[in-house]
Structures are given as structure tokens and as C-alpha cells.
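2 protein chains.
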Amino acid sequence: MNVKHSKDDVLKAGMELFRLNGYHNTGTNEILKSAGISRGSFYNFFKDKDDFGAQVLDYYGVWSTDYMKELLRDKRLNPRKRLIHLFDIFVQGYKRDNFKWGCLLVGMSQEVGQINPKLTEACSTNFESFIYVFQDCIEEGQQDGTISTAQDARSLTIAMLAMYNGALVLMKSGMHEEPLIAFQNQLELMLKP
Amino acid sequence: MNVKHSKDDVLKAGMELFRLNGYHNTGTNEILKSAGISRGSFYNFFKDKDDFGAQVLDYYGVWSTDYMKELLRDKRLNPRKRLIHLFDIFVQGYKRDNFKWGCLLVGMSQEVGQINPKLTEACSTNFESFIYVFQDCIEEGQQDGTISTAQDARSLTIAMLAMYNGALVLMKSGMHEEPLIAFQNQLELMLKP
DNA sequence: TTGTAAATAGATTGATTGGTCTAATTGAAG
DNA sequence: CTTCAATTAGACCAATCAATCTATTTACAA
Numbered sequence: 001m002n003v004k005h006s007k008d009d010v011l012k013a014g015m016e017l018f019r020l021n022g023y024h025n026t027g028t029n030e031i032l033k034s035a036g037i038s039r040g041s042f043y044n045f046f047k048d049k050d051d052f053g054a055q056v057l058d059y060y061g062v063w064s065t066d067y068m069k070e071l072l073r074d075k076r077l078n079p080r081k082r083l084i085h086l087f088d089i090f091v092q093g094y095k096r097d098n099f100k101w102g103c104l105l106v107g108m109s110q111e112v113g114q115i116n117p118k119l120t121e122a123c124s125t126n127f128e129s130f131i132y133v134f135q136d137c138i139e140e141g142q143q144d145g146t147i148s149t150a151q152d153a154r155s156l157t158i159a160m161l162a163m164y165n166g167a168l169v170l171m172k173s174g175m176h177e178e179p180l181i182a183f184q185n186q187l188e189l190m191l192k193p
Numbered sequence: 001m002n003v004k005h006s007k008d009d010v011l012k013a014g015m016e017l018f019r020l021n022g023y024h025n026t027g028t029n030e031i032l033k034s035a036g037i038s039r040g041s042f043y044n045f046f047k048d049k050d051d052f053g054a055q056v057l058d059y060y061g062v063w064s065t066d067y068m069k070e071l072l073r074d075k076r077l078n079p080r081k082r083l084i085h086l087f088d089i090f091v092q093g094y095k096r097d098n099f100k101w102g103c104l105l106v107g108m109s110q111e112v113g114q115i116n117p118k119l120t121e122a123c124s125t126n127f128e129s130f131i132y133v134f135q136d137c138i139e140e141g142q143q144d145g146t147i148s149t150a151q152d153a154r155s156l157t158i159a160m161l162a163m164y165n166g167a168l169v170l171m172k173s174g175m176h177e178e179p180l181i182a183f184q185n186q187l188e189l190m191l192k193p
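For the record, the sequence lines run as chains A and B.
Residue numbers for the first sequence follow the UniProt record's numbering, so the first one is 1 and each next one is one higher.
Residue numbers for the second sequence follow the UniProt record's numbering, so the first one is 1 and each next one is one higher.
Bear in mind the hints are in silico, worked out from the structure with no lab data behind them.
A quick note: this is a predicted structure, and the numbers were derived from the prediction, not measured.
Please note that a few of the clues may not be correct.
The list treats identical chains as one, so a pair stands whether inside a single copy or across any two.
Said to hold, decoys possible - Subject to a maximum C-alpha distance of 20 Å in a straight line, what follows is the list of computed SDA-like cross-link-like pairs (lysine to any residue):
{"hint": "1", "residue 1": "100", "residue 2": "115"}
{"hint": "2", "residue 1": "81", "residue 2": "42"}
{"hint": "3", "residue 1": "100", "residue 2": "114"}
{"hint": "4", "residue 1": "100", "residue 2": "129"}
{"hint": "5", "residue 1": "118", "residue 2": "101"}
{"hint": "6", "residue 1": "192", "residue 2": "148"}
{"hint": "7", "residue 1": "100", "residue 2": "117"}
{"hint": "8", "residue 1": "7", "residue 2": "131"}
{"hint": "9", "residue 1": "12", "residue 2": "27"}
{"hint": "10", "residue 1": "49", "residue 2": "25"}
{"hint": "11", "residue 1": "118", "residue 2": "25"}
{"hint": "12", "residue 1": "100", "residue 2": "116"}
{"hint": "13", "residue 1": "100", "residue 2": "121"}
{"hint": "14", "residue 1": "81", "residue 2": "131"}
{"hint": "15", "residue 1": "118", "residue 2": "176"}
{"hint": "16", "residue 1": "7", "residue 2": "47"}
{"hint": "17", "residue 1": "69", "residue 2": "94"}
{"hint": "18", "residue 1": "95", "residue 2": "124"}
{"hint": "19", "residue 1": "100", "residue 2": "133"}
{"hint": "20", "residue 1": "100", "residue 2": "17"}
{"hint": "21", "residue 1": "100", "residue 2": "124"}
{"hint": "22", "residue 1": "118", "residue 2": "24"}
{"hint": "23", "residue 1": "95", "residue 2": "155"}
{"hint": "24", "residue 1": "118", "residue 2": "98"}
Using the sequences and the hints, build the whole thing.
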């Protein structure tokens, strides 16, 4: 192919800008400049900004779940340790970049929830993907006895994801690593059988 | 006084609009219309939109912590049950209004984090107020043995607040009450000594 | 090479944004 | 009542927004 600027490049640029600066605070001009394409190309690829936003959410969702699945495939660790290891990798990544990144789904869902059905739906769908990936691992751990069965798999998964998302929120509001550490400590406690 | 439109009325209107539709997605015109004041009055009260935003955050912070403190003052319940009762009241409120509200601090911090120092600072300060209020109660419970001491008070508080914030995020992204219930179940488990 | 449709460039559009400005109104002090 | 500053009203402004439009280039089929 050897295409200079593919659609994926634009989605990647949008993903980074939306994660850093939010959806409504990122203008199309900024996206065009960052992706190095022209306005004509953008509107050839995407119907409008919302259509672009929805595709960015899916791009982020696939990109994230692929990485999560890869990390959770490592059978040398038991399911509980696999989850703890995954979040350790994630936390290290946030720390490495000085906590400037947030979770796109978290930010976007807060920004457009209840006012933009199409984007809200995309957030919801991708959150569900996250849940399925984590739940798979938690179910395996509950079956082999390495993860607590005090709550059913789905509830425990949602509680865990909620605590992680919330820790990212506190992190981004200037508290740095402290909420991430509190999350990791509590995660150990709540997964232990 | 008998003032028709006080500054607090504008702050309240802004708080509701920002919670519902986000900061960047709420124009000043919408605020003026909702508060029933003129542009001149608005810019007489506030230096600019950011100054208004910061004051709205403080207004929301005080309004919330006052309510939280009131609920946690009820000494007929032990500290653990007081916390569980508080979140039960909150969850009932969200349910009553069909999950349309989010937490202003959560939404705002995601929207302006890392790009608007003044507003980010206001988010951080008010989150800290939340933490202090909850931590007081958790410390009391750890001392009288009704709350787990597996984690120190501040870490446990942050983990709890993170899980609550994250549950609100998932709630607003269209999952309705399920994440709130998962949060409440997990809360019981993590507070129990 | 030619024909044709897709992709690209970027000027331009109308609507909306946050913010300013002047004039009118208000309210309290003297 | 008069005075004068504070408040309010709302027209207005430049900047920016998402989106459209036409001209041009590119890519590929015949």
C-alpha cells in the first residue's frame, strides 16, 4: 500500500488529542494538523465529528482490549496474579508519562453522557468489551480457587473496573500516583480468596 | 436582601448545566438563559468563564461535603453503617433522576485535567475535601473496630472514593444501576473488619 | 494514452463562541 | 431631590467552530 496517511493515522491522532484535551476542547483543525491531512480528506473519511469520535472510541477499545488480552494470556501466572500484573504494567505506563493520559472511555462518557446518544453508545459498548475480557480471567480464577468468590464474577469485575477508572480520575485531577497505589493495594485485598 | 437573582443562583444554574452537559459543551448564553440574568451581570460577578467554573466547583464542593457531613453525623449507626447508609442515599438519588446526573468533579477533572491549571486545582482541592470527610469516619471506625484495618485510613478512603467515582462513570455511560450495585456490594466487603 | 471516479487541498461559509462596550437603571448617601 | 457609583441590559465584536464547496490531483481500468 505505502499510503502516507491512512485512516488509522487520523484515528490515532484523534485518540491522543481526545485523551489529552477532551472531545469538545479539541477542534477539527487541531486534528487535521496533528494527523497531517487536509479538511477534504477528513470529511471524505468521516461523516462528521461525531462519526469520527465514535470511530476513535472503537479504535481505542480494540487497541486497549488487544493489549489486555495479550497480558492476560500469560498462563505462567495464576489468574489473580495476571490481573495484578496487568494493572502494574498500566500504572507504570501512566507514571512514565507523568500521569498526563487518562482513559478515553472515562473522559468521553463523562463529556457526552446523556447528550450524545451515538457517542454514549460507543462508550458503553467498549466498556462492555473491557468487562468481558476481565470477567473471563476472574471466572477462571474463581474456578481454580485463586480469586475470591465473595461476589459473582461480573459484579467483582465491574467493581474492579470502577475502582480502576476512579483511580485514573483522581490521578488526572492532580493527585498523581497516590490513588493508583491505593487502588493496587485494595485490588490485592479484594481478589484474594 | 430580597435580591431577585443572586450570585448563588448563577452558580447553581452553572453547576446543574455543567453536571448535565459538561463544561465545554455549555455556552455562556445557556448559563445566562438558565439563570435569568444578563451578560453584563455575569461578567460583573465573574472575571471570565474559567473563573466562573472554578467558583462552581467550590460551590459544588461545599454543597456536597455539607450534605456528606450531615449524613455522617448520625451517631445512632456505627461508622461503617453510616458510610453504607450515605452511599445508599446517594444511589437512591441517582436512581430517582434516572441516572442523568454525574459527579461534577469527576466530569470536570477529566475535561480540563492537564490543560487548565486553575480548574484542575479546584477539582483537586475539592476532591481532597471529600477525602477528609470520609477519612474522618473511616478512622473512627478503625478505632472502634467496625471498619477493616487491612489498609490505612487514607488509602482505604481513596480506594472507596475511586470505586464510587468509577461506578458513577459506568453508570453515566449507559449501564444504569448495575455498577452502583456492584460498588455497594464490594463496599460492604472492603469495609468489614 | 485516455477516461473516469475517488481522494485531496484549502478557501469559504454561517453559526456560535467567549468577551467587551456603552447606555440605561438602580440604590444608597448627602 | 441630587449625586454618583454599582449594577444591569443587551447590542456588538473578533475569533473559532464544524462543515461545505469547487478545483485539482491521484489512481486505476480500458
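Quiz item: So which of the earlier hints does this model not fit?
Solution: Hint check: 2, 4, 8, 19 fail, others pass.
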